[in-house]
Amino acid sequence: MDEGRPISYEAVTVGTPVLSSTDTQFGKVEHVLQIPEEDIFDGIAVKTKHGLRFVDRDQIGDMTTTLVRCTLTDVEAANLPAPRGSLVLHPDTAHDEGPSLTARFGRLFGREHWKELE
72 MDEGRPISYE AVTVGTPVLS STDTQFGKVE HVLQIPEEDI FDGIAVKTKH
122 GLRFVDRDQI GDMTTTLVRC TLTDVEAANL PAPRGSLVLH PDTAHDEGPS
172 LTARFGRLFG REHWKELE
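Number 152 in our numbering belongs to position 81 of the sequence shown; there are no gaps in the numbering.
Do not take every clue at face value.
[Unchecked claim] Listed below are the simulated EDC-like cross-link pairs for lysine to aspartate or glutamate, each with C-alpha atoms no more than 20 Å apart in a straight line:
hint, residue 1, residue 2
1, Lys-99, Asp-73
2, Lys-118, Glu-81
3, Lys-118, Asp-145
4, Lys-118, Glu-101
5, Lys-99, Glu-109
6, Lys-99, Glu-147
7, Lys-120, Asp-110
8, Lys-99, Asp-127
9, Lys-99, Asp-129
10, Lys-120, Asp-145
11, Lys-118, Glu-147
12, Lys-120, Glu-147
13, Lys-118, Glu-108
14, Lys-120, Glu-108
15, Lys-99, Asp-110
16, Lys-99, Glu-74
17, Lys-118, Asp-94
18, Lys-120, Glu-74
19, Lys-120, Glu-81
20, Lys-120, Asp-73
[What the hints assert, rightly or not] Label pairs and their computed distance ranges (CB to CB):
hint, residue 1, residue 2, range
21, Gln-105, Thr-136, 39 to 49 Å
22, Pro-152, Val-85, 12 to 22 Å
23, Ala-149, His-102, 16 to 26 Å
24, Thr-135, Ile-111, 30 to 40 Å
25, Asp-73, Pro-107, 27 to 37 Å
26, Arg-128, Asp-73, 19 to 29 Å
27, Asp-127, Pro-107, 10 to 20 Å
None of these hints come from the bench; they were simulated from the model.
Every residue gets a Cβ at the ideal spot worked out from N, C-alpha and C, and that includes glycine.
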């Protein structure tokens, strides 16, 4: 796997592979947990085959443009806890309306019932 170039936690993208210390991929980045007001990196939520799991900042060794490498063994990675706190939702705006041309124009130009009234 391409090692990539080192990056800040602010540049990590959703879907970046997350590896254990043995270079075994156990998931992909779902989102970065941070406190932006204080510029504090808390860790990452990782999408695994067992659901979302939390990797603390102290368990992360390297962050590059192509991967996140943790200091966890394969066993530790398999036993990570689920993240706690408020949910992060990723809405699918096309889900309810569908891919039809009429639905796409409705989303593009904003139907009246979708607009916030003042």
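Structure-based check of each hint:
1. Distance hint between Lys-99 and Asp-73 is fulfilled; the C-alpha atoms sit about 16 Å from each other, no more than 20 Å.
2. Proposed proximity of Lys-118 and Glu-81 is supported: the alpha carbons are some 18 Å apart, at most 20 Å.
3. Restraint check for Lys-118 and Asp-145: satisfied, since their Cα atoms lie roughly 15 Å apart, inside the 20 Å limit.
4. Proposed proximity of Lys-118 and Glu-101 is supported: the alpha carbons are some 6 Å apart, at most 20 Å.
5. Distance hint between Lys-99 and Glu-109 is unfulfilled; the C-alpha atoms sit about 26 Å from each other, more than 20 Å.
6. Restraint check: the Cα-Cα separation between Lys-99 and Glu-147 comes to about 16 Å, which is no more than 20 Å; the hinted pair holds.
7. Between Lys-120 and Asp-110, the direct Cα distance comes to roughly 31 Å. Violation of the 20 Å bound is thereby established for this hinted pair.
8. As the CA atoms of Lys-99 and Asp-127 are separated by approximately 15 Å, the hinted pair is consistent with the 20 Å bound.
9. The hinted pair formed by Lys-99 and Asp-129 meets the criterion: a straight-line CA distance of about 18 Å does not exceed 20 Å.
10. Our distance criterion of 20 Å between C-alpha atoms is met by Lys-120 and Asp-145, whose separation comes to about 14 Å.
11. For the hint linking Lys-118 to Glu-147, the alpha-carbon distance of about 15 Å falls within 20 Å, and the restraint holds.
12. The straight-line distance between the Cα atoms of Lys-120 and Glu-147 is roughly 15 Å, inside the 20 Å bound, and the hint therefore holds.
13. Taking the CA atoms of Lys-118 and Glu-108, the gap is about 26 Å. The hint is violated against a cut of 20 Å.
14. Taking the CA atoms of Lys-120 and Glu-108, the gap is near 32 Å; set against the 20 Å cutoff, the hint is violated.
15. The suggested pairing of Lys-99 with Asp-110 is violated, with an alpha-carbon distance near 23 Å, which exceeds 20 Å.
16. For the hint linking Lys-99 to Glu-74, the alpha-carbon distance of about 15 Å falls within 20 Å, and the restraint holds.
17. Between the alpha carbons of Lys-118 and Asp-94 the distance comes to roughly 17 Å, so the proposed pair stays at or under 20 Å and holds.
18. Note on Lys-120 and Glu-74: the hinted pairing is violated, with a Cα-Cα distance of about 23 Å set against a maximum of 20 Å.
19. Under the criterion of a C-alpha separation no larger than 20 Å, the hint pairing Lys-120 with Glu-81 is inconsistent with the structure, at around 25 Å.
20. Note on Lys-120 and Asp-73: the hinted pairing is violated, with a Cα-Cα distance of about 23 Å set against a maximum of 20 Å.
21. Checking the proposed 39 to 49 Å range against Gln-105 and Thr-136 shows it is violated: the Cβ atoms sit about 19 Å from each other.
22. At roughly 20 Å, the beta-carbon separation of Pro-152 and Val-85 lies within the given 12 to 22 Å, and the hint holds.
23. Between Ala-149 and His-102, the C-beta spacing of about 21 Å keeps the proposed range 16 to 26 Å intact.
24. The supplied range of 30 to 40 Å is broken by Thr-135 and Ile-111, whose beta-carbon atoms lie about 21 Å from each other.
25. In this structure the hint that Asp-73 and Pro-107 lie 27 to 37 Å apart at CB holds, the actual value being about 29 Å.
26. Take Arg-128 and Asp-73: their Cβ atoms lie about 24 Å apart, and the range 19 to 29 Å holds.
27. Judged by the Cβ atoms, the range 10 to 20 Å given for Asp-127 and Pro-107 holds: they are separated by roughly 18 Å.
The structure fails to meet hints 5, 7, 13, 14, 15, 18, 19, 20, 21, 24 from the earlier list, while all remaining hints are met.
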